[in-house]
Amino acid sequence: MDRNFARSLKHVLKHEGGYANNPKDPGGPTNKGITLATFRSYVKASGSVADLKAITDAQVATVYRKQYWNAVNGDALPDGVDYAVFDFAVNSGPSRAAKYLQAVVGASQDGKVGPGTLAAVRSKAQTLVINRLCDDRLAFMKRIKDSKGRSLWATFGRGWNSRVAAVRAEAMSMAGQRPTATKDRQDTSAKQHWLAAFFAALFSIFKRG
1 MDRNFARSLK HVLKHEGGYA NNPKDPGGPT NKGITLATFR SYVKASGSVA
51 DLKAITDAQV ATVYRKQYWN AVNGDALPDG VDYAVFDFAV NSGPSRAAKY
101 LQAVVGASQD GKVGPGTLAA VRSKAQTLVI NRLCDDRLAF MKRIKDSKGR
151 SLWATFGRGW NSRVAAVRAE AMSMAGQRPT ATKDRQDTSA KQHWLAAFFA
201 ALFSIFKRG
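Counting with full-length UniProt numbering, you get residues 1 to 209 for the letters of the sequence shown.
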């Protein structure tokens, strides 16, 4: 939902850091997760490194809204799901985030969050979509390899896992739910099935009586 953009962006920026210019980073100078090339595309065509360093909060919001939030149709997604998809898009690209969302809800995986995808998302419980999306995102991260085919999880896994855990918790909060571990969800489900069976048997006894 649109009302969640500012809140979602605040949490995304916690993970993106400040200004950096690592010679090993092909993206070049970066500030708050925004490269100089992206700054020039969305804010100022002739922007300099100095301009990037001095980027304003309003400019940051403009970039993230246009490049990521709008790209995954964040305004139309349910509370919590919007943030989970948005953060995934920032991390791994809007198309990938959209395809993973579509896989979760059983929609055609075309990488675009359109009417069909939105209808499929709305037919599912927000908590289910959030948990499945975060689980699948982690599974994807564990498969990421460098140019030599070596897994990057050993190096970056701890940070990636922490980020997804934080996203899951905040997304669940936005959806109005308390995040639970997978085992807790399984235990709750088993307890519900046991209670249903118990009351069904009890009802059957009284009915015979």
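No lab work stands behind these hints: they were computed from the structure. Since this is a predicted model, take the numbers as computed values, not measurements. Where is the CB? At the ideal position from N, CA and C, for every residue including glycine. You may find that some hints are simply not true.
What the hints assert, rightly or not - Distance windows between CB atoms, simulated:
hint, residue 1, residue 2, range
1, 112, 139, 21 to 27 angstroms
2, 158, 115, 22 to 28 angstroms
3, 49, 116, 23 to 29 angstroms
4, 145, 166, 35 to 41 angstroms
5, 152, 46, 31 to 37 angstroms
In rising order, the numbers of the hints this structure does not comply with:
2, 3 and 4
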